[in-house]
Amino acid sequence: MIKHHPDHNMLVEYCAGTLDWALCLGVSTHLHFCNECRSAAANLNSLGGSLLSQCGQEAVGQEVFAGLMSKIQAQEFVVAPVAEQAAHPSITNDRMLAQLPKVVRKLLPKGKALRWQSVGSSLKMARLAAGQDKYEVAFHRICSGGKVAEHDHGGLEVTVVLKGSFSDGDGIYTPGDFLVRQPGEVHRPTAAQNEDCLCFSICEAPVRLTGFLGRLINPFSFRKTRLTRRVARNPCFSAPKFASVRFLTILIQAIGTGIPTHKGIRVAFLPQSCEDIPFYGCLCKQSGQCQRSSGRRCHG
Amino acid sequence: MTQTLMNHSKGDDIPSGIRDDNWSRLLMQVGQQRNQESFARLFAHFAPLIKGFCLSNPSSSLPGEAADELVQEVMFKVWTKAPSYDASKAAASTWIFTVMRNCRIDMMRRNSRHLVNSADVEVDDIWDEELDHQPFVRLQQSRNEELIQKSFATLPAEQKLALTQVYMQGKSHSEIAEETGLPLGTVKSRVRMGLKKIQASFGKR
Chain A
1 MIKHHPDHNM
11 LVEYCAGTLD
21 WALCLGVSTH
31 LHFCNECRSA
41 AANLNSLGGS
51 LLSQCGQEAV
61 GQEVFAGLMS
71 KIQAQEFVVA
81 PVAEQAAHPS
91 ITNDRMLAQL
101 PKVVRKLLPK
111 GKALRWQSVG
121 SSLKMARLAA
131 GQDKYEVAFH
141 RICSGGKVAE
151 HDHGGLEVTV
161 VLKGSFSDGD
171 GIYTPGDFLV
181 RQPGEVHRPT
191 AAQNEDCLCF
201 SICEAPVRLT
211 GFLGRLINPF
221 SFRKTRLTRR
231 VARNPCFSAP
241 KFASVRFLTI
251 LIQAIGTGIP
261 THKGIRVAFL
271 PQSCEDIPFY
281 GCLCKQSGQC
291 QRSSGRRCHG
Chain B
1 MTQTLMNHSK
11 GDDIPSGIRD
21 DNWSRLLMQV
31 GQQRNQESFA
41 RLFAHFAPLI
51 KGFCLSNPSS
61 SLPGEAADEL
71 VQEVMFKVWT
81 KAPSYDASKA
91 AASTWIFTVM
101 RNCRIDMMRR
111 NSRHLVNSAD
121 VEVDDIWDEE
131 LDHQPFVRLQ
141 QSRNEELIQK
151 SFATLPAEQK
161 LALTQVYMQG
171 KSHSEIAEET
181 GLPLGTVKSR
191 VRMGLKKIQA
201 SFGKR
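Here the protein sequences come in this chain order: A and B. With this note's numbering, the residue at position 10 of the first sequence is 10, and numbering never jumps. With this note's numbering, the residue at position 176 of the second sequence is 176, and numbering never jumps.
The set of hints was computed from the structure by calculation and includes no laboratory data. A couple of the hints might just be wrong.
Partial list, derived from the structure: chain A residues whose beta carbon lies under 8 Å from chain B [as the list claims (entries may be wrong)]: (1) S28; (2) L47; (3) A59; (4) F65; (5) L68; (6) V103; (7) G131.
Note that beta-carbon positions come from the ideal geometry of N, C-alpha and C, so glycine has one too.
Just need the whole structure built from these sequences, with the hints factored in.
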């Protein structure tokens, strides 16, 4: 039973053709599941139709019709065969990707498997080519019983559940459910115990993970992720007791964004490894956990 | 009681209802028999409407030639897609509206700075006709159109305007808000209120 639908405004924009392309993908996917919204969309199309038949007429010259007919006649000779789409390997290999809505199937890479990337222990994502670059369109897959790190949204995020189910503080979401998250709505999805949950998601801006661990595995900033993983793997940083958790989060933010930060330390470049972090030794001294020395001096 | 009955019978033979059926019949003929004469009549009726619809956006200032081109493109699609038209699903004007909308989206997309050419998802995959062919409960469509037309006429001017801007001028809510200087919430609620009143005339949601 679908409980979460796109609102009237989004549906009318979809039917009038003024909604952003990527969001239309989400609405179309929802319509695949939802009778109620299909019916509403049909009515909104009818409104378009009645506006069309009411609107003021503008004379169209005879030559337009003549041109059209010759175009049609030229085209009649060419009978375009409808090519049957070969099954994508990514569909046949994966039970989760069977019976996807047609519009989503169209987004799968042709003749290639999807590239899944792990984002933390229970979440995987695979980006989809959606023909635009305003939104990030991707599959999100939460393993059964898995919890996704608490996160916030820098922009609009639309999620349509395709398979399985997940829940957060606000409710339980099952296939077809259409969720819209606005910036500032922090949530922490958890998949149901019995099966993995596959979601189709459209994000306007990078999602921000808000928890401490979340900052280490922020899924939408891979440059930061690789770096922060290296930081986390380093024996110095993975020591159980940090002098200040807050200090580390500030450090990671500083590395990721290259902004002037804590205590006048400036990060002038993006380090290739931990050894390249100019204030490496400095941090270790502060936290009192360092067993090794990088041989570099702190700029601060 | 007699009053409502009378109104009802009057409503049944208003010319627009008959006209709509007429166009739908013509479109069916175009689809099934590839009848060029019917197509010429459809063209004579809808082409000026399509052009009027496209030119109703004062800010886009589409030159006459480009509008003619769009008309030609829409009617070309109407001809090629007509075999899939089903009069029991939608009135001709609604179906032609959707064809026109898809052409317009295609055109706007080609000019979009966000376009990335790597994907093969197309307009017809998103606004998929098959979706409309899946079963769902609804009132008879041509009757719906009539009701929608009537109730649209009774809307307050501001709601009418908002819906016209969305549909005819092809503007998103935020674009309308930007241009008119109204808060986005106001635009949204005008659209919503308008739709609510129209939809109240044919059922929930």
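TODO: Could you work out which earlier hints the structure fails to respect and list their numbers in ascending sequence?
DONE: none
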